[in-house]
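Protein chains in written order, with the working numbering: chain A, 1 to 313; chain B, 1 to 484.
Think of the hints as simulated: they come from the structure by calculation, not from any bench.
One thing to keep in mind: the hints can contain errors.
A few chain B residues that face chain A, going by a derived Cβ cut-off under 7 Å, partial list only [said to hold, decoys possible]: (1) L259; (2) P260; (3) P312; (4) R313; (5) V316; (6) T330; (7) G331; (8) A333; (9) D335; (10) L336; (11) M344; (12) L347; (13) I350; (14) G354; (15) V364.
Beyond 12 Å from chain A on every Cβ pair, some chain B residues (computed) [to be verified]: (16) S77; (17) E125; (18) Q154; (19) Q450; (20) H478.
Cβ atoms here follow ideal geometry from the backbone N, Cα and C, with glycine treated the same way.
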Amino acid sequence: MKLQSGMLQRLLPFFSLIALFLILSIASPYFLTATNLSSVVRQTAVINIMALGMTLVIVAGGIDLSVGSILAFAGVMGTMTMVGSGSVLLGIAAGVLAGFVWGFANGFMITSLKIPPFIVTLGTLGIVRGLTLVVTDGLPVVGLPKEHSFLGEGTVGPAPFVLIVLVVCAAIVHVALHSTKLGRYTYAIGSNEEAAVYAGIPVGRYKIAIYAISGMLTGLAAMIETSRLMTGQPTAGVAYELQVIAAVVIGGGSLTGGEGTVIGTLIGAFIMGLLSNGSDLLGVNPYWQQAIIGAIIIMAVALDEARKRRFAT
Amino acid sequence: MLLELNGIRKSFGGVHALTGGDLHVDAGQVHALIGENGAGKSTLMKIVAGMHRRDGGEMRLKGAAVDFARPAEAHRSGISMVHQESLLAPHLTVAENVFLGHELLRGPLADRRAMDEKTARLIAEHRFPLDAGRRVETLSPAQKQLVEIVRALQSDASLLIFDEPTSSLSESETVEVFKIVRQLRDRGKGIIYITHRLVELDEIADRVTILRDGETVHSCPRAEITTREIVHHMVGREVSAIYERGQLAPGKVKLKADLPGAAFELRAGEIVGIAGLMGAGRTELCQTLFGITPAHEGSIEVDGEKRAIGSPREAVAAGIALVTEDRQQTGLALDLPICANIVMAHLDAICSGGLVQAGAEEEVAERYRARLQIRAESIRRRARQLSGGNQQKVVIAKWLFRDTGVVLFDEPTRGIDVGAKAEVFALMEEMAAEGKALLMVSSELPELLQVADRILVMRNGAIVAELPRETTQQEIMHHAAVGA
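Looking at chain A on its own, in the form it has when it is part of the complex (with noise of 0.2 Å):
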């Protein structure tokens, strides 16, 4: 009985997602449409993607400021090494490796100089921003190969691309983050990071790993961004973090660490692509629509909250 009640609290992101998909398509004709649906999910790419790296690095207990930054950052940098080169892949290699870069940075710093994620980020977010306009004097990157435009626009079959790169990150980092050592040792770092040193984990080296996958798959995001705009923008990506990290929550992520899954997560940015989307076609005055997501935000987390009281003794 208790245990019902609790996995139906669990499970409660799940039914507001369906429940949210329902009542848009009963709302607007437009919704369920194959065109729709596929912008939905180009639209959501972005976030979800970073925000399952920032799954990661929640669950252990951290928080990612940059990753906006580093979005901008790594996008021109890809672009640049795309336009110089000609070569696409070299390009989206560049804006992996550009995020991966700063992602190590990040959790090097937050090790070595022992200083709290939040601020270590909150660093990097003006850095990163900052030499991402100095490196393009503030101008974006154009003359993209008109290749590069498949990564965020094409099709395979039915089935946008992104989608597939989305379903293909997200497997990955779900097994990571619940079969392998860096998944087990991320929730027992979140969980008492103490604990975790006294248990002989080596944990520095975790975190630092931690932060430079989330600084790949934003670097892997910021090249979504690019094909999709088909420019390198050194503006790309301001206060995308916020809504990475909203997802995070919504999904059940908890910021004292040691909870959180990808599952969750990928609800988590549907919901608020969803909102985002379904504002559009009701015509909801956009400007609403910020307001909403942050209501949404902490019902979420107040539901969830009420729920771990209800069932820790």
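Model the placement of chain B on the given structure of chain A, informed by the hints.
Below, chain B alone, put in the same frame as chain A:
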């Protein structure tokens, strides 16, 4: 009658924590409340202190029915609780903590000077080793406990609840606490005293109430009941409380420490006790051996090989495990399942090709649950939901699975009940019989004498004596306090 509780009931999400809590406390009486972990003592006291609301039953204070919705209401009615685990704000000073929630004011502003002075006066009156202006985070666990006591004294409550006040205190500090408790009683206060140490009852209790499985099973004056009968009521069955360790058969040297002030060997099959007063350097020795505060000089050999131990990781790799003093802080990931905690230190054993093998974790955990008799509904339960004794078993299971040759135990029986203590000792003996070398730090001298094959006594950061197992408490205290 100061406080009267009849048939108090409370459940949490379907789990019945209390089914019939009865307790009658008179003014000018020290009333010991005892029971195993999970018996419902803390829940009952939290209801009295307004931290939980009861589901049913009757609560009367000085004859009037009461129902507290918030701790502040209980506090206003003259009930004050001295918590076991410090609920203090670490960044505030002693005085600020003492007055937290009932600050003295001058106009709209906090009157710091008055609070400092009043705190200092209370501290001086009881001769506590405390400084009103110190930040709480710089204090030892014992000193924090004293802050909690000063806080209760300050509020001039008529009913004080002490929740295992001596569990982190040294011998001499315990004596001081007893003195304070008696003093308070003689001033006509009612005192509820929760404890695990049955030996304390002789010293302090006027009346004893025993809880088991959420119910009051017995209540009588202390003089009318023997310790044996108390244990029987607590666990509901006979327990051989006096634990006898078999004959020692030491094997080869497992650990050879040559550190400044601490040169000793641990042999396979041996349990070596470390005695000493609080601050004698016992915990520090464990932390050095385990790489938390690495030694700058000296050497550590494991199995005859010199090992550089600069971190817990290197210690574990060398074959040294540490069951820490504070399992909640450093021993367990409380919000992870029991099984995740058990395999945490040895994931390699259940990984293949980089992936944790499906089902392997559960299999390992079930094995240790059966072997250590960890009492939990399921190994998927969070470690937080276990009693202290069962949490300790999970920590021990973690190191059993890692299978290190040397295991250090820092206060292994702290905060766990009689039944679980006997089980922990039996486990330690089993580990020794398997050929592991064990080091056990304990402030409970009777336990050390019971379990250890020989006892090293520490004072001022150095080992000052090595005593055989036939030694006495007096002998140990003599070396620990003044030296030979």
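Quiz item: Per the CB criterion, is B:G331 less than 7 Å away from chain A?
Solution: Hint on B:G331: holds, closest Cβ of chain A at ~6 Å, below 7 Å.
Quiz prompt | Evaluation of the interface hint that places B:A333 against chain A, nearest CB under 7 Å | solution = With Cβ-Cβ at 4 Å, under 7 Å, it holds.
Quiz item: Does the CB of B:P312 sit less than 7 Å away from some CB of chain A?
Solution: Holds - the Cβ of B:P312 comes within 7 Å of chain A, reaching about 5 Å at its closest.
Practice problem: Closer than 7 Å between Cβ atoms is the bar; does B:L347 clear it against chain A? Give me holds or violated. | Solution: holds (5 Å)
Exercise. Using Cβ atoms only, decide whether B:D335 comes closer than 7 Å to chain A, and label the hint accordingly.
Key: Holds: closest Cβ of chain A sits about 5 Å from B:D335, inside 7 Å.
Self-check item: When the least beta-carbon distance from B:L336 to chain A is tested against 7 Å, hint result
Solution: B:L336 check passes; min Cβ-Cβ to chain A is 5 Å, inside 7 Å.
Practice problem: Against chain A, run the beta carbon of B:G354 and see if the smallest gap drops under 7 Å. | Solution: holds (6 Å)
Quiz item: Quick one, is the B:P260 hint okay against chain A at 7 Å, beta carbons?
Solution: violated (24 Å)
Practice problem: Hold the hint about B:T330 up to the distance rule: shortest CB distance to chain A must be less than 7 Å. | Solution: Constraint on B:T330 satisfied, holds at 5 Å.
Self-check item: Closest C-beta approach of B:V316 to chain A relative to 7 Å, hint status
Solution: Holds. Min distance 3 Å.
Quiz item: Are all C-beta atoms of chain A more than 12 Å from that of B:H478?
Solution: holds (34 Å)
Quiz item: When the nearest CB of chain A is found for B:V364, is that gap smaller than 7 Å?
Solution: violated (13 Å)
Of the numbered hints stated above, those contradicted by the structure are hints 1, 2, 13, 15, listed in ascending order.
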